[in-house]
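So the sequences go chain by chain: V and H. The first sequence begins at 1 in the numbering used here and counts up one residue at a time. The second sequence begins at 1 in the numbering used here and counts up one residue at a time.
No incorrect hints appear here.
One-sided excerpt, in silico: chain V residues whose CB lies under 10 angstroms from chain H: (1) Trp23; (2) Leu27; (3) Asp31; (4) Ala32; (5) Leu36; (6) Gln95; (7) Arg318; (8) Cys326; (9) Met353.
Computed list of chain V residues with no C-beta within reach of chain H, every gap over 10 angstroms: (10) Pro4; (11) Ala13; (12) Arg16; (13) Arg17; (14) Pro149; (15) Asp172; (16) Pro191; (17) Trp207; (18) Cys209; (19) Gly218; (20) Val232; (21) Met251; (22) Leu265; (23) Arg302; (24) Glu339.
Calculated from the structure, these hints are not laboratory results. Every residue, glycine too, gets a C-beta built ideally from N, C-alpha and C.
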Amino acid sequence: MMTPGDVAGRAVAAARRVLASPWLRPLNDADALDGLLALANPLWSVGALRAEVVRVIDETPDARTFVLRPNWRWEGFVAGQHVCVDVEIDGVRHQRTYTLSSRPGEPTIAVTVKRQPGGRVSNFLHDAVRPGHVLGLSRASGSFVLPDPLPARLLMLSAGSGITPIMSILRDLHARRRPTDVVLVHSCRTPEDAIFRHELAAHARDWPCLRLAFVFTGETGRLDRERLVRLVPDWAERTSLLCGPAPFMAMVRGVWREAGVEGRLRWESFTGPVAADPPGVGTTATVTVTCAHSGVVFEAARDRSLLVEAEHTGLRPRHGCRMGICHTCLCRKVSGTVENLVTGAVSSESDTMIQICISAARSDLTLAL
Amino acid sequence: MASMALPLSRSDVDAIEVELDALRAEVAGDLGARDAQHIHRMIRLAKLSAIAGRTLLMVGIDPLSWGVGVTALATAKILENMEIGHNVMHGQYDWMNDPALCSQTYEWDIVCDGNQWRHSHNIVHHTHTNIVGRDRDVGYGFLRVSEAQLWRPHHLFQPAVGALLALLFQWGVGLHDLELDEWLRGNRSGAEVRARLKPFLRKAARQVFKDYVLFPVLALGNAPRVLAGNLAANLVRNVWSYVVIFCGHFPDGVRTYTVDETHDETRGDWYVRQISSSCNIEGGPVLHVLSGHLSHQIEHHLFPDLPASRYPEIAPRVRALCARYELAYSTGTLWGQFATVVRRIVRLALPVAARRAFA
Chain V
1 MMTPGDVAGR AVAAARRVLA SPWLRPLNDA DALDGLLALA NPLWSVGALR AEVVRVIDET
61 PDARTFVLRP NWRWEGFVAG QHVCVDVEID GVRHQRTYTL SSRPGEPTIA VTVKRQPGGR
121 VSNFLHDAVR PGHVLGLSRA SGSFVLPDPL PARLLMLSAG SGITPIMSIL RDLHARRRPT
181 DVVLVHSCRT PEDAIFRHEL AAHARDWPCL RLAFVFTGET GRLDRERLVR LVPDWAERTS
241 LLCGPAPFMA MVRGVWREAG VEGRLRWESF TGPVAADPPG VGTTATVTVT CAHSGVVFEA
301 ARDRSLLVEA EHTGLRPRHG CRMGICHTCL CRKVSGTVEN LVTGAVSSES DTMIQICISA
361 ARSDLTLAL
Chain H
1 MASMALPLSR SDVDAIEVEL DALRAEVAGD LGARDAQHIH RMIRLAKLSA IAGRTLLMVG
61 IDPLSWGVGV TALATAKILE NMEIGHNVMH GQYDWMNDPA LCSQTYEWDI VCDGNQWRHS
121 HNIVHHTHTN IVGRDRDVGY GFLRVSEAQL WRPHHLFQPA VGALLALLFQ WGVGLHDLEL
181 DEWLRGNRSG AEVRARLKPF LRKAARQVFK DYVLFPVLAL GNAPRVLAGN LAANLVRNVW
241 SYVVIFCGHF PDGVRTYTVD ETHDETRGDW YVRQISSSCN IEGGPVLHVL SGHLSHQIEH
301 HLFPDLPASR YPEIAPRVRA LCARYELAYS TGTLWGQFAT VVRRIVRLAL PVAARRAFA
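With the rest of the complex left out, here is chain H (with noise of 0.2 angstroms):
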């Protein structure tokens, strides 16, 4: 969708650059035992409340410790994933210069491999945000969320695909960088997808061993109970995640851009970018650290990797650079984005035209 605003002049994309790039030295120049306290904090959190959800499983016999140690396992899940592992993958805390916590080893607790979310998110769509053809993350290969895609016969599925795809949504976030969608057009070669598959399967399988196989065993009568906990709390995380990060670039007032566009692309046309092709979520604290700060998605997007819990610090200055330029900053209730989104979906599905917008 187009935006409404006018072109900014030249002028005033230098100036966004001047000012974002201060703000950036300014956050990087602070960092500090303050920040590392956050993520070590974050961390001893996400394991303790592991630890108990997993104990509560495999000890528990009623349908309420089973219901508590779900919640805590999936919140151990969706803080691991969000909070630490996704942040963590970012670079946000290479500055501490802790082997544990850099941003290129790290692995984290979903069948995504690691070394494939370094690319295909960190280098692929925060590169290239929202330029269809190039943002792979623009309805991941199957969806049509802009309308700057091209209808095929298979989007008429999309609103149920889309539900699925809630559902089992680290398994889509691990197949993410296969690029199947380009195998199937006859863009890549079997040997290309084949290379790609084995570090997925390698990491899919020690994922699936270890809710499935490894704790329930250990449970030894109560593996069923474990089981089927480990399942729900998989199913928490991935559809919480989706929503949120469904919430990031989909809602109703994002642009997408062409790659001829963005061809002499400077710093600050990448700025203007990263702020048009995002959706923030309006919420406390406890959402934020729950959304791994992607509730500052724009944030987020303008400095990828400075540590999340600085987004909702500097969001008040983005906003107000944003309305002294008149760019659009695009903000709601997770639940008011979410609908845009599903309803975008939902349209989408059929073959409508651009709309006026483009007139």
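Here chain V stands alone, though its shape is the one from the complex (with noise of 0.2 angstroms):
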């Protein structure tokens, strides 16, 4: 028996499937609608989720905030989730995952991007973006967030820039006032390198569930277990959330493991934007290719094309002309870089799409293959 909810729900669904009919073509095209929106607006669009920039705080010498105004395709999100950053630098679009560090019920948002050495984005940010800048999002995602129900204990452990999500969960804890008690361990190298420092010794003062203990690795060495244990005696009864580098990351899992508690820890991978491959990496003849999407690996020789190799792994990938001519080979690279066998351009880039018939590896590769 359908109830009128189903009723409605599925003549909703039947009307945007018919909205959405190529038969509609062009009146239905949201991309053309939503460029000429754009002439009035930027942030005007009918699908398109954009942010302008409000304010830029500078946090440490090489961090900053973006305070964002979303326009009205943002749907909200949960402490500790991320989005994708769209930015066109030089005319091509480049895509960045950050978290959010502001809290979520307000009608901003925040992402607090730390400079990465040679970080094309990064310092795009840096740069050349000032209030009044329009980005692309994408709607938040991430599960990296608070359990429910809230445990009555907390731990919290970052390095770095890896404080993002932290701060955004702390944030909410604290705007909600939530009885639980929270110590956070935050790692980085000077105290000017703490980002949300003033803020968090605030909250400390003003807010008697929170602890904070800093760890200052250019005055008392990397974080370890003998120092967590002296800082948080009970850490392994705590439910514990763990963001920052790979290698502080890798420790404190460890420390769990060892304990048997890594089921308290909750992770999130904080890499940044992934350091570009230094051209010629390694020395081995071959490297390996994995494809994303049928999973077949393969090695592949740096002095041939990456079609040629995978056709000998016995995959038949899309093509055409073979000398680079008609982009019918056009395959999404996922990570790794490749040097363009006719011109010798090298691409580091992730996410960038490469022509398979004139490209050779230059280091490990994902391919969308």
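Build the complex: two chains, separate frames, hints provided.
Here you go:
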């Protein structure tokens, strides 16, 4: 038996299908409408999620917070989630994932970005993006959020810019005055590098549930098991959230695993923009190519085109001219470095379209094949 | 027609390859915001022109607004087909990493299905340019445009067939990849043709529905005016694209190749073949844009996936290179070039023997 709600839901779905029908082109071409609406106001759109930068805050010498006002397509987020930010640099679209550092429920949202040495997008955001700039955005996603129901005792461990999701969660807890006992252990090089240091200190003063423990590696060395036990004696009994660079995360996860309490640990890998592989990295004659769609993994020589190497393995990728002119073999390179055998151009950017008939691997690769 | 120039030495061809590869790398390395702005501006212009044209046709009642509406809509279709669609589908903007401008998924405003175009044009025509028996754009399977093609009795009608094709050009483009001529000669099975017929019919039905049902119905009482306007705009686009495209490889001065000649081609040989197979049209920036920069057919055939608006910039250097190696660089005015095409279609309708050029 269908309830009136089901009927309404089906009617809405059917209406949506009709409205999106290819037979109604160009009347329902959302991309085209968005392009024209953007002429009037860059934030206006029927389908695209965009946000205007309304404030830029210097957090540390190399970290900045960008406060964004999203358009009507924004559907909100849960503290700890991240968004994909879309920027156009010299005509090329780049996407990076950044954790939201603001707390949910406010009209604006914020991402806090640390400048990465050689990082194209982080440097562009720092150098070129000012209030008024409009960025493309994805919906918020991610499962690095507080457990429900909220545990009585929490431990948060972060290092460097891994503080950003933790900060969003802390701001959320603080705003809602949740009676949860929280310890934050944050590791960074120096006090000046500690993002949100002043706000955290202020929260700790007026919110007795929060205890802060900073580890300044430039002064006292890296956090280890012994230090951790000293700082948080009841660490193994707390529900813990972890976010930071890979070595930091590996250390913490090792401690939890040894104690057999890894189930109490939630973590988010926070690698930031993938660092560019230097061309010619490694000395082996072949590299490993992973095909994300088919699951096939094969070895490819550095001096032969990826198309030829894939065919050697028995794959049959789409192709046409085999000389780089027709673009039929266009394939998304998920990660890794390739060299264009015609122009010599080297591409290390993740999520880039490449022509596999004239591209040779220069590092281990993942392709959307 | 064979070229009059002496054949190039192997070292000359190798040197040409190095020079043109370097030119390509130079432009590819310089692509940036300016090129992105250009294509975005063209897309905006095409959209606004289409909206203006369709609105004038729908709301106007006088012949003047009808004429302006047709012109605006035809301009929109020409821009979309030639400067945007054709060029985007070549991969000229793949470097921008914008899904809306991805060569392999873009669908253009014409009855030709995008995937069939990518096959017949980007792969078959651009790889095998002017190789008789390989490049199906040499006469499109039914016109005789080169002495190297065998004469058949149906070629007697080709002046009339050519004129009809001008009016129905988008349908010719749409049917091209079906290779119906191969089917008629018994080289294609019915099943193969039917498989290719499906995407063509789906695309054509949508295009016909849009221009001859959807917009006329939306215009209510003005339906006949809108229908006639859309028909006229499609006709203008058809004739214009026919003229431009026929000036690309059919004027006097181009040469065709045999399969044997191109057997062990190097990249340098391929470059030389592209130059000798293509003709440019002289004119100003408006002509360049309205032709989708096919006015620089030679540069386009050398670098089909470089943004077309770069062709006018590199043309003087390509021309200088041709002069240095005594390679013919064929160029002329639009109507001058087109006149030689018409003359050739009429002349080759008769069973004339290959001319003394082969002597």
